[in-house]
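Enquirer: Here's the letter readout for the chains.
Number of protein chains: 2
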Amino acid sequence: MRLPELNPPVRLLMGPGPSNPDPRVLRALTSPILGHLDPAFLALMNEVQDDLRQVFQTKNQHTLLLSATGTSGVETMMVNLLEPGDEVIICSSGFFGQRMIEQATRTGANVRAVEVPFGEVITGALVEEELKKKPAKVVGFVHAETSTGALQPAAEIAAVARQYGALVVMDCVTSLGGLPVKIDEWGIDAASSCSQKCLGSIPGMAPATFSPRAIEAIKNRKSKVPSLYWDLNMLFNYWDGARGFHHTMSSTLVYAVREALRIVLEEGLEARWERHAKASQAFEAGLKAMELSIFTKGPVLPVIKVVNIPEGVDDLPLRKRLLEMDVEIAGGFGPLAGKTWRIGIMGTNATAKSVIALLGALEQVLAEQGYYRERGAAVAAAAEVYKG
Amino acid sequence: MRLPELNPPVRLLMGPGPSNPDPRVLRALTSPILGHLDPAFLALMNEVQDDLRQVFQTKNQHTLLLSATGTSGVETMMVNLLEPGDEVIICSSGFFGQRMIEQATRTGANVRAVEVPFGEVITGALVEEELKKKPAKVVGFVHAETSTGALQPAAEIAAVARQYGALVVMDCVTSLGGLPVKIDEWGIDAASSCSQKCLGSIPGMAPATFSPRAIEAIKNRKSKVPSLYWDLNMLFNYWDGARGFHHTMSSTLVYAVREALRIVLEEGLEARWERHAKASQAFEAGLKAMELSIFTKGPVLPVIKVVNIPEGVDDLPLRKRLLEMDVEIAGGFGPLAGKTWRIGIMGTNATAKSVIALLGALEQVLAEQGYYRERGAAVAAAAEVYKG
Numbered sequence: 009m010r011l012p013e014l015n016p017p018v019r020l021l022m023g024p025g026p027s028n029p030d031p032r033v034l035r036a037l038t039s040p041i042l043g044h045l046d047p048a049f050l051a052l053m054n055e056v057q058d059d060l061r062q063v064f065q066t067k068n069q070h071t072l073l074l075s076a077t078g079t080s081g082v083e084t085m086m087v088n089l090l091e092p093g094d095e096v097i098i099c100s101s102g103f104f105g106q107r108m109i110e111q112a113t114r115t116g117a118n119v120r121a122v123e124v125p126f127g128e129v130i131t132g133a134l135v136e137e138e139l140k141k142k143p144a145k146v147v148g149f150v151h152a153e154t155s156t157g158a159l160q161p162a163a164e165i166a167a168v169a170r171q172y173g174a175l176v177v178m179d180c181v182t183s184l185g186g187l188p189v190k191i192d193e194w195g196i197d198a199a200s201s202c203s204q205k206c207l208g209s210i211p212g213m214a215p216a217t218f219s220p221r222a223i224e225a226i227k228n229r230k231s232k233v234p235s236l237y238w239d240l241n242m243l244f245n246y247w248d249g250a251r252g253f254h255h256t257m258s259s260t261l262v263y264a265v266r267e268a269l270r271i272v273l274e275e276g277l278e279a280r281w282e283r284h285a286k287a288s289q290a291f292e293a294g295l296k297a298m299e300l301s302i303f304t305k306g307p308v309l310p311v312i313k314v315v316n317i318p319e320g321v322d323d324l325p326l327r328k329r330l331l332e333m334d335v336e337i338a339g340g341f342g343p344l345a346g347k348t349w350r351i352g353i354m355g356t357n358a359t360a361k362s363v364i365a366l367l368g369a370l371e372q373v374l375a376e377q378g379y380y381r382e383r384g385a386a387v388a389a390a391a392e393v394y395k396g
Numbered sequence: 009m010r011l012p013e014l015n016p017p018v019r020l021l022m023g024p025g026p027s028n029p030d031p032r033v034l035r036a037l038t039s040p041i042l043g044h045l046d047p048a049f050l051a052l053m054n055e056v057q058d059d060l061r062q063v064f065q066t067k068n069q070h071t072l073l074l075s076a077t078g079t080s081g082v083e084t085m086m087v088n089l090l091e092p093g094d095e096v097i098i099c100s101s102g103f104f105g106q107r108m109i110e111q112a113t114r115t116g117a118n119v120r121a122v123e124v125p126f127g128e129v130i131t132g133a134l135v136e137e138e139l140k141k142k143p144a145k146v147v148g149f150v151h152a153e154t155s156t157g158a159l160q161p162a163a164e165i166a167a168v169a170r171q172y173g174a175l176v177v178m179d180c181v182t183s184l185g186g187l188p189v190k191i192d193e194w195g196i197d198a199a200s201s202c203s204q205k206c207l208g209s210i211p212g213m214a215p216a217t218f219s220p221r222a223i224e225a226i227k228n229r230k231s232k233v234p235s236l237y238w239d240l241n242m243l244f245n246y247w248d249g250a251r252g253f254h255h256t257m258s259s260t261l262v263y264a265v266r267e268a269l270r271i272v273l274e275e276g277l278e279a280r281w282e283r284h285a286k287a288s289q290a291f292e293a294g295l296k297a298m299e300l301s302i303f304t305k306g307p308v309l310p311v312i313k314v315v316n317i318p319e320g321v322d323d324l325p326l327r328k329r330l331l332e333m334d335v336e337i338a339g340g341f342g343p344l345a346g347k348t349w350r351i352g353i354m355g356t357n358a359t360a361k362s363v364i365a366l367l368g369a370l371e372q373v374l375a376e377q378g379y380y381r382e383r384g385a386a387v388a389a390a391a392e393v394y395k396g
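Chains as they are written, first to last, in the numbering used here: chain A, 9 to 396; chain B, 9 to 396.
Calculated lysine-lysine pairs in the DSSO-like style (CA-CA distance at most 30 Å, straight line):
{"no.": "1", "chain 1": "B", "residue 1": "LYS230", "chain 2": "B", "residue 2": "LYS67"}
{"no.": "2", "chain 1": "A", "residue 1": "LYS230", "chain 2": "B", "residue 2": "LYS145"}
{"no.": "3", "chain 1": "B", "residue 1": "LYS230", "chain 2": "A", "residue 2": "LYS230"}
{"no.": "4", "chain 1": "A", "residue 1": "LYS227", "chain 2": "A", "residue 2": "LYS145"}
{"no.": "5", "chain 1": "A", "residue 1": "LYS141", "chain 2": "B", "residue 2": "LYS232"}
{"no.": "6", "chain 1": "B", "residue 1": "LYS232", "chain 2": "A", "residue 2": "LYS227"}
{"no.": "7", "chain 1": "A", "residue 1": "LYS67", "chain 2": "A", "residue 2": "LYS230"}
{"no.": "8", "chain 1": "B", "residue 1": "LYS230", "chain 2": "A", "residue 2": "LYS145"}
{"no.": "9", "chain 1": "B", "residue 1": "LYS232", "chain 2": "A", "residue 2": "LYS142"}
{"no.": "10", "chain 1": "B", "residue 1": "LYS190", "chain 2": "B", "residue 2": "LYS142"}
{"no.": "11", "chain 1": "A", "residue 1": "LYS230", "chain 2": "B", "residue 2": "LYS232"}
For the record, the hints were derived by calculation from the structure and aren't laboratory data. Computed from a predicted structure; not experimentally measured.
Could you put the whole structure together from the sequences, leaning on the hints where they help?
Expert: Printed below as a string of C-alpha cells:
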C-alpha cells in the first residue's frame with residue numbers, strides 16, 4: 009500500500025495564516041541545501057539578520073530566526089526572560105493573549121493578567137493600574153490579536169511598562185510585514201513573529217529580536233533556561249558568537265525567509281503597509297455592501313477581519329462550500345466559534361485580485377444559504393476602491 | 009543595499025547531516041501550501057503517520073512529526089515524561105548522550121548518568137547495576153552516537169530497563185532509515201529522530217513515536233508539561249483527537265517528509281539498510297587503503313564514521329580545502345575536536361558515486377598535506393566492493 013503522488017489542492021488562503029507564499033519563495037526552496045555550519049550558510053544567516061532588523065525597525069544585534077513556528081517565539085521569550093517566582097503582567101484581549109498567559113504560567117512565574125473582553129483593547133492606563141499595585145519584571149502583550157481582529161496600542165503599553173521598569177514583550181505574529189511594527193521607536197525589549205503571514209514565506213520559522221536590556225536580563229538569570237532548544241545563550245552563540253553547534257538549522261527554510269524578506273524590502277515597508285491598508289479598505293467596502301458587520305470593538309486590524317456570522321447562516325457548511333471552491337477562511341476561536349469568521353488579507357493576498365475572488369465566493373455561498381442582499385455589490389464596492 | 013539573488017554552492021554533504029535530499033523531496037517542496045486545519049492536509053497527516061509507523065516498525069497510535077529539528081525530539085520526550093524530582097537514568101558515551109543528560113536535567117528530574125568513555129558502548133549490565141541501586145522512571149540512551157560513531161545495544165538496554173519497570177527513551181536521530189530501528193520488537197517507549205539524515209528529507213522536522221505506556225505516564229503527570237509547544241496532550245489533540253489548533257504546522261515540510269518516506273518505503277527498509285551497509289563497507293575499504301583508522305571502540309555505525317586524523321595532518325585547512333571542492337565533512341565534537349573527522353554516508357549519499365567522490369577528494373587533500381600512501385588506492389578499494 010504505497011502512497012500516491014502528492015497532489016494537494018490549490019487553495020486561496022484567506023484565513024488567519026498561512027497565506028499563499030510568493031512564487032519566488034517556493035522557487036527558493038529548491039535551492040541546494042547547505043550544512044548548518046557551512047561558511048556559505050553562516051554568511052546567509054548574517055544577511056537574514058540584517059534584513060530582519062530592517063523589517064523589525066531595530067538596531068538590536070540580537071535578532072534571529074527560531075527553528076520552529078510562530079507559537080515557539082512567544083515560548084522562547086517567556087522561558088528566557090522569566091524564572092519561577094518572577095512577577096509578570098500579561099495583557100489579554102483574546103485567544104492569543106490567553107495563550108501568552110498560559111505560556112508565562114508554565115515557566116513558574118507569578119502571572120498577573122490584565123484582561124478585557126474579547127474584541128476590546130488594553131489601554132496603557134489599565135497596565136499602569138496593575139503596575140502601581142506591584143512592579144513586574146515583564147509586561148507582555150499581543151500586538152495584533154488574531155482571534156478578535158483588534159490592534160493593541162503597542163507604543164502606549166510599552167511606554168507605561170518602561171516607566172515602571174518592566175521589560176516589554178510583544179507578540180507580533182500577525183502584524184509584522186503588514187502594518188507598522190517599530191521595535192526601537194516603541195521601546196519593545198523582545199518581539200517575535202512568524203514567517204507565513206504578512207511576510208509571505210511558508211510556515212516553519214519564527215523571527216525574533218531582543219534588546220540589550222532583554223539580553224542583560226537573560227545573562228543575569230539565577231537558573232538555567234529550562235529549555236535547551238529555546239536557550240538564547242546557546243542560540244546566539246550559534247548566530248553571533250563562536251558559531252558553536254546548537255541544532256541543525258534548515259538552510260531550506262532560511263532560503264525561504266531570505267527570499268520573502270528580499271521581496272518585502274524591494275517593495276518597501278511603507279508601500280507594503282499601504283498595500284495592506286488598501287486591500288483592507290476594499291474588503292471592508294465589500295463587507296458593508298453585504299451588510300456584514302465586524303466583531304471587533306477597538307481599532308480593526310488591516311490584515312485580519314473578524315466578521316460576525318449573520319443570523320440564519322450556518323458556519324461549517326458555508327466554509328465547507330467555500331473550500332469546494334478552493335477558498336479558505338477560518339472559524340472563530342473559543343467563545344467566538346460558530347459566531348464569527350476570521351478572514352486574513354495578508355502578504356501576496358493583499359491585492360485586488362484576491363479580495364475580489366474572496367468577496368465573489370462569499371457572495372455566492374451566502375446567497376446559497378439564503379442570505380442575500382444585492383448580488384455583485386460586494387465585488388463592485390471592492391473594485392471601486394482600486395479605481396484609477 | 010538589497011540582497012543579491014540566492015545562489016548557494018552545490019555541496020556534496022558527507023558530514024553527520026544534513027545529507028543531500030532526494031530531488032523528489034525538493035520538488036515536493038514547491039507544491040501549493042495548505043492550511044494546518046484543511047481537511048486535505050489532515051488527510052496527509054494521517055498518511056504520514058501510517059508511513060512513519062512502518063519506518064519506526066511500530067503499531068504505536070501516538071506517532072507524529074514535531075515542528076522543529078531533531079534536537080527538539082529529545083527535549084519533547086524529556087519534558088513530557090519527566091517531572092521535577094523524578095528519577096531518570098541517562099546513558100552517555102558521547103556528545104549527544106551528554107546533551108540528553110543536560111535536557112533531562114533541565115526538567116528538574118534527578119538525573120543519574122551511566123557513562124563510559126567517548127567511543128565505547130553502554131552495556132545492559134551497566135544499566136542494570138544502576139537500576140539495582142535505585143529504580144528509575146525513565147532510562148534514556150542514544151542509539152547511534154553521532155559524535156563517536158558507535159552503535160549502542162538498544163534491545164539489550166531496553167530489556168533491562170523494562171525488567172526494572174522503567175520507560176525506555178531512545179534518540180534515533182542518526183539511525184532511522186539507515187539501519188534497523190525496531191521500536192516494538194525492542195520495547196522502546198519513546199523514540200525521536202530527524203528528517204535530514206538517513207530519511208533523505210530536508211532539516212526542520214522531528215519524527216517521534218510513543219508507546220501506550222509512555223502516553224499513560226504523560227496522562228498521569230501531577231504537573232503540566234512545562235512547555236506548551238512540546239505538550240504532547242495538545243499535539244495529539246491536533247494529530248489524533250479533536251483536531252484542535254495547536255500551532256501552524258508547515259504543509260511544505262510535511263510534503264517533504266511524506267515524499268522522503270514514500271521513497272524509503274518504495275526502496276524497502278531491508279534494501280535500504282543493505283544499501284547503507286554496502287556503502288559503509290566501501291568507505292571502510294577506502295579508509296583501510298589510505299591507512300586511516302576509525303576512532304570508535306564498539307560496533308561501528310554504518311552511517312557515520314569517526315575517523316582519527318593522522319599525525320601531521322591539519323584538520324581545519326584540510327576541511328577548508330575539501331569545501332573548495334564542494335565536499336563537506338565535519339570535525340570532531342568536544343574532546344574529539346581537532347583529533348577526528350565525522351563522515352556521514354546517509355540517504356541519497358549511501359551510493360558508490362558519493363563514496364567514490366568523497367574518497368577521491370580525501371585522497372587529494374591528504375596528498376596535498378603530505379600524507380600519502382598509494383594514490384588512487386582508496387577509490388579502487390571502494391569500487392571493488394561495488395563490483396559485479
